[in-house]
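Protein chains: 2
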Amino acid sequence: MKLSKLVGERFKEKPSDCVVESHALMVRGGYMKYVASGIYSSYMPLKRITRKIENILREEMDKIDGQEVQFPVVMPATIWQESGRYEAIGKEMVRFNDRNNSPHVLGMTHEEAAVHLVREYGQTYNNYPFMIYQIQTKFRDEARPKAGLMRVREFTMKDAYSFHTSQQDLEEYYDKCHKAYERIFERVGVPGVISVASDSGMMGGNISHEFMLLSDIGEDSIAICSECDYRANMEAAENINDYVRTSPSEELTLVHTPNKHTIEEVCSFLNSSERNSCKAVVYQRNSDDKYIVLFLRGDLEANETKLTNYLGFDIHPATITEDCGLNAGFIGPVKLEGDFIVLYDNSLKNMNNVVCGANVIDYHYTGLDVSRDLNSVEFHDFAKIQEGGICPKCGKHAIKISRGIEVGNIFQLGTKYTKSMQMTYVDSDGNSQYPIMGCYGIGVGRLAASICEAHHDDYGPIWPKAIAPYQVHLCAVRSDNQEVKELADKLYEELQNKGVEVIYDDRDVSAGIMFSDADLLGVPVRVIVSPRNIKQGVVEIVARDKSFSESAPIDTALNDIMKRL
Amino acid sequence: MKLSKLVGERFKEKPSDCVVESHALMVRGGYMKYVASGIYSSYMPLKRITRKIENILREEMDKIDGQEVQFPVVMPATIWQESGRYEAIGKEMVRFNDRNNSPHVLGMTHEEAAVHLVREYGQTYNNYPFMIYQIQTKFRDEARPKAGLMRVREFTMKDAYSFHTSQQDLEEYYDKCHKAYERIFERVGVPGVISVASDSGMMGGNISHEFMLLSDIGEDSIAICSECDYRANMEAAENINDYVRTSPSEELTLVHTPNKHTIEEVCSFLNSSERNSCKAVVYQRNSDDKYIVLFLRGDLEANETKLTNYLGFDIHPATITEDCGLNAGFIGPVKLEGDFIVLYDNSLKNMNNVVCGANVIDYHYTGLDVSRDLNSVEFHDFAKIQEGGICPKCGKHAIKISRGIEVGNIFQLGTKYTKSMQMTYVDSDGNSQYPIMGCYGIGVGRLAASICEAHHDDYGPIWPKAIAPYQVHLCAVRSDNQEVKELADKLYEELQNKGVEVIYDDRDVSAGIMFSDADLLGVPVRVIVSPRNIKQGVVEIVARDKSFSESAPIDTALNDIMKRL
Chain A
2 MKLSKLVGER FKEKPSDCVV ESHALMVRGG YMKYVASGIY SSYMPLKRIT
52 RKIENILREE MDKIDGQEVQ FPVVMPATIW QESGRYEAIG KEMVRFNDRN
102 NSPHVLGMTH EEAAVHLVRE YGQTYNNYPF MIYQIQTKFR DEARPKAGLM
152 RVREFTMKDA YSFHTSQQDL EEYYDKCHKA YERIFERVGV PGVISVASDS
202 GMMGGNISHE FMLLSDIGED SIAICSECDY RANMEAAENI NDYVRTSPSE
252 ELTLVHTPNK HTIEEVCSFL NSSERNSCKA VVYQRNSDDK YIVLFLRGDL
302 EANETKLTNY LGFDIHPATI TEDCGLNAGF IGPVKLEGDF IVLYDNSLKN
352 MNNVVCGANV IDYHYTGLDV SRDLNSVEFH DFAKIQEGGI CPKCGKHAIK
402 ISRGIEVGNI FQLGTKYTKS MQMTYVDSDG NSQYPIMGCY GIGVGRLAAS
452 ICEAHHDDYG PIWPKAIAPY QVHLCAVRSD NQEVKELADK LYEELQNKGV
502 EVIYDDRDVS AGIMFSDADL LGVPVRVIVS PRNIKQGVVE IVARDKSFSE
552 SAPIDTALND IMKRL
Chain B
2 MKLSKLVGER FKEKPSDCVV ESHALMVRGG YMKYVASGIY SSYMPLKRIT
52 RKIENILREE MDKIDGQEVQ FPVVMPATIW QESGRYEAIG KEMVRFNDRN
102 NSPHVLGMTH EEAAVHLVRE YGQTYNNYPF MIYQIQTKFR DEARPKAGLM
152 RVREFTMKDA YSFHTSQQDL EEYYDKCHKA YERIFERVGV PGVISVASDS
202 GMMGGNISHE FMLLSDIGED SIAICSECDY RANMEAAENI NDYVRTSPSE
252 ELTLVHTPNK HTIEEVCSFL NSSERNSCKA VVYQRNSDDK YIVLFLRGDL
302 EANETKLTNY LGFDIHPATI TEDCGLNAGF IGPVKLEGDF IVLYDNSLKN
352 MNNVVCGANV IDYHYTGLDV SRDLNSVEFH DFAKIQEGGI CPKCGKHAIK
402 ISRGIEVGNI FQLGTKYTKS MQMTYVDSDG NSQYPIMGCY GIGVGRLAAS
452 ICEAHHDDYG PIWPKAIAPY QVHLCAVRSD NQEVKELADK LYEELQNKGV
502 EVIYDDRDVS AGIMFSDADL LGVPVRVIVS PRNIKQGVVE IVARDKSFSE
552 SAPIDTALND IMKRL
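Note that the protein sequences, when read in sequence, are chains A and B.
Basically the numbering used here = 1-based index in the first sequence + 1.
Basically the numbering used here = 1-based index in the second sequence + 1.
Be a bit skeptical, because a hint or two may be false.
Same chains, same label: a pair holds when it works inside one copy or across any pair of copies.
DSS-like mimics (lysine-lysine), calculated; alpha carbons at most 25 angstroms apart, straight line [to be verified]:
no., residue 1, residue 2
1, K3, K177
2, K420, K547
3, K466, K180
4, K64, K6
5, K291, K6
6, K177, K394
7, K147, K397
8, K64, K491
9, K180, K3
10, K397, K261
11, K147, K466
Quick caveat, the hints were computed from the structure, so don't treat them as lab data.
Let the sequences and hints guide you as you build the complete structure.
As structure tokens, this is what we get:
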């Protein structure tokens, strides 16, 4: 490909709407163009990258006996009604009526379509296990698309679905797929991706893992133990309580705390520790705005994912009105009266001498003894794990919190979909059974952007060889010079004849423009033909990642370039 | 791939809802599954076929300097409002509001997206010409999806868009793309596809061609001249009038034609020829139901496409009410009074002694002389060309009407989209100009089904080598026989090591089931390992299309198979 003919524009200025580097560089480099919020068109360089990623995904899925199929983007509501997700999923699923007023959806995931496709084939016991996958466009109407390809509304995804007749078989396959994912991330150039235990969210099932590229721009918080191999998404990480009473319980005492609303203000006023206080966090149920009051230790934060999973419905932070019965800033577990759902976090269990709200304006209690003063309440895990927190696996205070980009996920779905959609087989004993499913996703565009996050400098992406849009970037500096043009043309032809993908900058532009454009295209090996080099009888061969730079004699240049690929 | 593990079901009975062979065979062979009207999922064999077709499309597009890009499936209404098609296109375009109540559409074609992507790049004169293409899912909410993959709502399409600075450059590229299309149809195994002049419809522009696979099940009628190379879609074929007066004009005479409504009844009653009559065909404008009365020769049919193109708005066959002012069955061009749009077909020009309606119930005229009795009316081409009609190119009565499946189309779009979407460049003289566009489409699924239509027998598809899901279908007849299993396993491995795509029927089923499944999978070369063959020291190598059948000695079997690929 001649760069003079490459459709797309490259430019120097960082676009003002780009908050992450991969986004800025992929816009500046002519990889993608904004069409609407979370919707982009791709120019050829990005299309070449994503096609290479897709081929790697395909190879690795085929290696674990995956069969490539294709599900529709547009699906009838009926199959989503069967699973119950037509009602369960919110606004992120696009719903529309077709010309015959029949409700349809845009596929944001394809469990329903997968079960629909194999429901008959799966009636035969002998046909198990099997895995089907597709690489297809999906649409998820995200509330807040951002960071370029990191969080979009329309995206291409590799999604795979496996079917099994036993939990053990699923687990074995799950491990196989886990290893395939490790190979994939290694092959595309991000071997540092780690897997973490995760929350299964709307997918259902119990065990699931996310593959995370650690990065400061990541949207996810990950709890990693520095003493053992425990790694979990903060949404899923259990927060362990190791509270031990250190002094006898005092009396429950009402104290005047005028205008002290926050737990910080109260503790500072009473000269007590936040770790020995109890705070309230209030939510409301989305469906009817019923109040949910969560009590937890003053220094902890509520984990909404755990809360939602426990409650089984969606919630939002509360708006506390004058007549709702809650005294904002003074809410406490003693004598709290009203029609609220009240929850207690594990962290409060067994605590004594606690400061808490008194449900009266400008008053708190001191000396709360949770076991003595609260009537046989239940405690659950609703708090976020913290930096320095206790590892749920090894029990040491060794938790570190890191940021990560989720580049893949795998789920043990169980029978959620086969049960709801009535997919059964008859087992060897003649009993009707529901097959057990797993599902396995990787977003292609986000992976491309993540690779760019992991591999770039100030001047552009540094694409790993396996997914680079081209292997060689050939620069003819001063292409108006006859000797330069002839040698560059010759190398271009010879490299192409050897099957090398070459982008050939044949433009009559300055070396500065040429090199900055080459930096933006991020091709691993750059070959520079220039009058000065020719005078010295060489061409320069330079790595985009600066790992090598050599002057190769013109006579052996072709071979020397080939050696670097 | 082992057939025992291939997801999907094959069966013998023709599904009752399948009206065309390709549909029936592709359902029976486990290629696809119905999800909703015009929406299918694909199993692996079809996915392999369509991927091979896509790779051929890609190679041929790359050969004519195409750059693969990707446009979104979901687009904001805004870019379609720019071109005016948001309003112009009817229910076949899916429109929905996203969570922020912003209107979006599902892409059914991507001219707008193409202009949007290159609007800035195209500002520079030197960047022309260029062509971009994508292979992407599209959705068109067809009123009547039918015939399996022939007419669907969701489909994968290769669509290409070229941009030029002169009509001549467009025409040269158009020819180049025409040749690429010929190569594509030859490579995928349907070299008999012909190109015909077509109507540009909603795409705009003047010159366009459709690529047609002649087939009785085709939805299109094509006019082909048996004397010259004229070929056109009937929608676009000009209907030539060679009327010559043969007798002097009689008087215009009112005649009583009680209860004679149709032109056949009237002509039979008056003992005159339909070719010497004038009939009325009545339509209504979609927007306000205004009546449109078309007069044409009694033996001809109206061509709605020509009518719509002339009128510039959409119409539907009229409902004639009692008070509309039209006397159904007796409508004629003389003394027709009322607020109608009245049109005259070329076929009436210069006619005399014509029978026509008198606009009075139970009365017609005889002796109409169009030149004498109608006040300076204009004639246009509104009639369908007929079998035996006059070729618009060579002038001979040599038109044959055939049926065809449209498997591709190319359009010279002109400046319709660049003008409406304000894409301009500054030419070498410093003047602002609109680039000239061409667009070029091929539907992947319909092409696959068309190939099946062209290549099948009663037992299944006969896939051409270049797109067959596998190259070799290896049957181990009596796989419970140790010798059979060992030899078949060995051949399976050896063939795969040589890079051959093999589907290996390793099931313990009868030879009958094995061969009928093999017929349904349509793989070009079948290799049969059986106890009887082994006893004779051979394996059978048989062509799916029956072009060869040989017994190869076991020792040389691998080589003999390779020779047949």
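Q. Which holds for K64 with K6 at a C-alpha limit of 25 angstroms: within a copy, between copies, both or neither?
A. between (38 angstroms within a copy, 14 angstroms between copies)
Q: Go through the copies and call it for K397 and K261: within, between, both or neither, with a Cα cutoff of 25 angstroms.
A: Close neither inside one copy (36 angstroms) nor across copies (100 angstroms); limit 25 angstroms.
Q.
I want to check one pair: K147 and K466. Are their C-alpha atoms no more than 25 angstroms apart within a copy, between two copies, both, or neither?
A. neither (28 angstroms within a copy, 46 angstroms between copies)
Q: Give the relationship of K466 and K180 under a CA distance limit of 25 angstroms: within one copy only, between copies only, both, or neither.
A: So K466 and K180 pass the 25 angstroms test inside one copy only (22 angstroms; across, 35 angstroms).
Q. Quick one: K3 to K177, C-alpha cut-off 25 angstroms, is that within a copy, between copies, both, or neither?
A. Result: close only across copies, 20 angstroms inter versus 42 angstroms intra.
Q | 25 angstroms Cα threshold - placement of K547 relative to K420 | A | neither (55 angstroms within a copy, 47 angstroms between copies)
Q) For K64 vs K491, is the C-alpha pair at or below 25 angstroms within one copy, between two copies, both, or neither? A) Classified as between: cross-chain Cα gap 20 angstroms, same-chain 40 angstroms, threshold 25 angstroms.
Q: Up to 25 angstroms between alpha-carbons, please classify K291 paired with K6: within, between, both or neither.
A: For K291 and K6, neither the intra-copy (61 angstroms) nor the inter-copy (52 angstroms) Cα distance is at most 25 angstroms.
(Q) With identical chains, the pair K177 and K394 could be close in the same copy or across copies; at 25 angstroms between alpha carbons, which is it: within, between, both, or neither? (A) within (23 angstroms within a copy, 66 angstroms between copies)
Q) Is it within, between, both or neither when you check K180 against K3 at 25 angstroms Cα-Cα? A) between (39 angstroms within a copy, 23 angstroms between copies)
**Q.** Intra/inter-copy verdict for K147 and K397 if alpha-carbon distance must be at most 25 angstroms
**A.** neither (37 angstroms within a copy, 65 angstroms between copies)
In terms of the numbered hints stated before, the structure departs from hints 2, 5, 7, 10 and 11, listed from lowest to highest.
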